[in-house]
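Participant: Chains as they are written, first to last, in our numbering: chain C, 1 to 113; chain G, 1 to 114.
Rather than coming from a laboratory, the hints here were simulated on the basis of the structure.
Treat the hints loosely; a few may be bogus.
Here are the computed lysine-lysine pairs in the BS3-like style, where the Cα-Cα straight-line distance is at most 30 Å [to be verified]: (1) Lys57/C <-> Lys71/C; (2) Lys7/G <-> Lys42/C; (3) Lys7/G <-> Lys105/C; (4) Lys105/C <-> Lys65/G; (5) Lys65/G <-> Lys42/C; (6) Lys65/G <-> Lys58/C.
These are the residues of each chain, in order.
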Amino acid sequence: GENVEQHPSTLSVQEGDSAVIKCTYSDSASNYFPWYKQELGKRPQLIIDIRSNVGEKKDQRIAVTLNKTAKHFSLHITETQPEDSAVYFCAALLMNRDDKIIFGKGTRLHILP
Amino acid sequence: SAVISQKPSRDICQRGTSLTIQCQVDSQVTMMFWYRQQPGQSLTLIATANQGSEATYESGFVIDKFPISRPNLTFSTLTVSNMSPEDSSIYLCSVRPGSQETQYFGPGTRLLVL
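Bound conformation, chain G alone (with noise of 0.2 Å):
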């Protein structure tokens, strides 16, 4: 498995404002993706953040709102920006350690839009 960290835990923001997740593995990892969980909803893929290149992004979600970046194989930042209330979420990064299938998630963060 992998030991994942996310910082913030949670947060409040104001609107049109900006903030950066980051997601901290203490492993090597192929391949890390950040997911979006709405209340009361299922995961929903945001981007497949590659290391060395621009992220891979899912229907719905773009880059000028969603910029990842991707330095090194243990970590990931993604970014949202000019928040509007629609972007209370959790944010959850996810890990996929060496070739096998299996994934696993951080602890998420809690963001609150007002």
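Chain C extracted, bound-state conformation (with noise of 0.2 Å):
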């Protein structure tokens, strides 16, 4: 089945610089990738993804890039804000074979002041 590593665990950074976190996937017909942010105490909440047919998708300060020869998938956060802060989690489907997302183990983010 898929399995989806993702680094780094814990990322902390200025406000103002960009945050990077990249995931890898082992199946490599997986085809859409999706990207969770998720606050203390609140639901995980859908921020950006991206589907095979397609290298970068950008939405505001937020992109994310995909290498499907490597099979990894990174999420570029600009201008870090104070409210960035959560824990964001990479995901990987498989559609019309398994159809279930496969979470990463996720990685928390501080914004420094």
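Assemble the dimeric complex from its two separately framed chains, guided by the hints.
Facilitator: Structural data, given as structure tokens:
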């Protein structure tokens, strides 16, 4: 089955700097890669996703890149703000086969004042 | 998207008892899932709730411990049976509306077993 590795487990960046979180997946047939943000005591919220026919997607300060050959994808947050502090989960989905989203272990992002 | 509600939002239970968690969605959805999130951990899929048939359980989860019902396309229940302190966790309902891959989560049920 699919396996998703996520690094780092904890990340501290100065406010205004960029943050990068990286994930790798094992099943080359995976075709959908969402990212979720979970604030303390809240539900996971989808913040951006990318499909396997696209190499990069951007939404304001957030971008995701996908390298299918290397089977890795990354989340980039630019100009970080205090409200970006949260736990971020990457995930991979193999549609029309397992139909299950498999999550990475999460990255706790701290934005330092 | 979909509006998802769960009841109860939290509960404190005695070991050996059972708790049923309800998940209600504001629209018909194709796929519904139940996840567990232990403190400080990631999301672990318990089972896929299938409408009109038995749920599909992941490795490590069994129907006797986590019976699931899904009587229609907007509602599901998860029961945590014969609870022990190790079952203390957040239980989340999740749905995938339509034929798209996008998946949304309910607010979760925070369970503490004493």
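Participant: Hint by hint, note whether the structure agrees.
Facilitator: Going down the list of hints, with the structure as the test:
1. Lys57/C <-> Lys71/C: Roughly 16 Å separates the two Cα atoms, so the pair holds.
2. Lys7/G <-> Lys42/C: With a Cα-Cα distance of about 15 Å, the restraint between Lys7/G and Lys42/C holds, given a limit of 30 Å.
3. Lys7/G <-> Lys105/C: holds, 26 Å
4. Lys105/C <-> Lys65/G: holds, 25 Å
5. Lys65/G <-> Lys42/C: Since the Cα atoms of Lys65/G and Lys42/C sit roughly 26 Å apart, the hinted pair holds (cutoff 30 Å).
6. Lys65/G <-> Lys58/C: violated, 43 Å
Of the hints listed earlier, the one the structure fails to meet is number 6.
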